[in-house]
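Q: One-letter residues, chain by chain:
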Amino acid sequence: MTETFYEVLRRQGITRRSFLKFCSLTASSLGLSAAAIPEIARALETKPRTPVLWLHGLECTCCSESFIRSAHPLTRDVVLSMLSLDYDDTLMAAAGDRAEAIIETVKEKYKGNYIVAVEGNPPLNEDGMFCIQGGRPFVEKLKETCADARAVIAWGSCASYGCVQAARPNPTRATPIKKIITNKPVIHVPGCPPIAEVMTGVVTYMLTFERIPELDRQGRPRMFYGQRIHDKCYRRGHFDAGQFVEQWDDDPARMGFCLYKMGCKGPTTYNACSSMRWNGGISWPVQSGHGCLGCSEDGFWDKGSFYDRVTGIHQFGIEASADEVGGAIAVGTGAAIAAHAAITALSRLRHSEPQNEKQGENA
Amino acid sequence: MLSQHDIQDAMRHGRQVYSVYVYEAPLRVWHWFNAVVMTVLAVTGYLIGKPFPTLFGEAADHYMMGYVRYIHYIAGYLFALGLIARLYWAFVGNRHARQIFLLPFTEIEWWKEVWFELRWYLFLEHTPKKYLGHNPMALLMMFFFFTIFAFGMTFTGFGLYVEFTGSGGLGDWLFGWVVPLLGGSQQTHSWHRLGMWLMMSFAALHVYAALREEVLGQHSLISTMISGWRMFKR
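Chains as they are written, first to last, in the working numbering: chain A, 1 to 363; chain B, 1001 to 1234.
It should be emphasised that the hints constitute simulated quantities derived from the structure, not laboratory data.
Glycine included, every Cβ here is placed at the ideal spot set by N, Cα and C.
Be a bit skeptical, because a hint or two may be false.
[Claimed, not checked] Ranges between beta-carbon positions, derived for each pair:
#1 V1036/B <-> S305/A: 34 to 42 Å
#2 N170/A <-> P1053/B: 39 to 47 Å
#3 N113/A <-> Y1063/B: 24 to 32 Å
#4 A1204/B <-> T90/A: 53 to 61 Å
Work out the full structure: start from the sequences and follow the hints.
A: What follows is the structure, given as structure tokens:
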């Protein structure tokens, strides 16, 4: 019989009091009622641990960096233990063949009952040569590992959407996980990186309730990605009032007005930054005086300038905003109307006499 | 010259046609209602993307952006409801009420008329023809730049509008699919804004063409949209 989470925690010297604290924090971060606390505690006490295999594709490891800084008091101990790190090539002690053997062991022992968390994505060009692990293209390892998994978590914007390596022109053809693993549920946890507590929250939810959290149309957990940054932003009052930062060093910037005109992507970005904040709730981009980049949105690198509100549209070749294209069309239309009116007037003048004669004949 | 269809229509009524009742009252009301609502939408929409210069003082003393957006949303609702009412009228109204929804693009005759109208606008024809409803060229423009765009703007607009309700709920169920379909919220904003510019350009063309036809054409236009009666010059 495999160990439960609780047994692992007690073995590592964590008190029951700390354990229950973790349960209540997890419940509140998941937006659950107090009644869910004993439920989480019971689940962690009785259910055998679900192994999680953590793969790294084409990525920058910022998701891992974020994850290990999760500020819940016990996260460092608990979540790493919960994940059991059966496999995580960045964080685990084993290396080489012994490390790779772990994947095979877990696949056999927990067939159809383990979770694969993927950070980064596989490049497909040149048969996947741009990301080689253990002498093989990452895309093969990904497919094999996910074959017997219960579910797949796509960590960060890389795994969810492609992120910077998939930005135009995407030379390596970096491809989101969802397009490779089509026969398993894929949970998107976008962000570059995602918020640490969001990551631990998603994992905890899946491990305790043994089901996938409710997802939206883009496969993101609703509890964290259900609302825009803008809707929960503490500067929203300034937006509604019409108080904007116009330049980076002006008085409104010092007074903490809305960064909308500076190209803040808060109104178009779904994430929990404005409610959960970063680094244990210390701060977040807008609080530090810079607009949101929209890092948890699909293709955020290709959506025009980070510093424009009305951004460029790709379809017009050269980056041009809706205002530039539309304005040009409007001016062109105006010029065409003026020219047409002028020609109409001129031709009326020229033809007025012969036309009158014609009409006279007809009548 | 009356077009073939209209001559038949006139013959059926068995009298010489000098004026015909074309646009029924709900249709005329809708037209001028749209003119107002679309102007309000364009102005407030422009200001949402490029707001007024910043206001100083306490945030609680102002509600500028709030009012601009509020007016835009109310006007958006009115535009959408008007469009629904207009769709209903297309079913119960007269023949002309269906014109802008059904393009007779399979009729070769109609395309010939479009070609003729194009030549008239390019100064290659001296005498314009008479039509009861829209002339074919105008209808073509109306269909592509008004009917299609009106629905496009309504869907992108409501797609963006329901974002504030978050996922889940009726609004999300009805329009939540729009934003992911267009590749995200930012793109949807861009297309919605570009649509505004195109519709406004079309509105300028529409006003110019109407004025020009009123002066040069063979029948009334602007007064028709007020009284409903189309007068023909002899």
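Q: With reference to the structure, classify each hint as holding or not holding.
A: How the hints compare with the structure:
| no. | hint | verdict |
| --- | --- | --- |
| 1 | V1036/B <-> S305/A: 34 to 42 Å | holds, 35 Å |
| 2 | N170/A <-> P1053/B: 39 to 47 Å | holds, 40 Å |
| 3 | N113/A <-> Y1063/B: 24 to 32 Å | violated, 55 Å |
| 4 | A1204/B <-> T90/A: 53 to 61 Å | holds, 60 Å |
In summary, the one numbered hint that this structure violates is 3.
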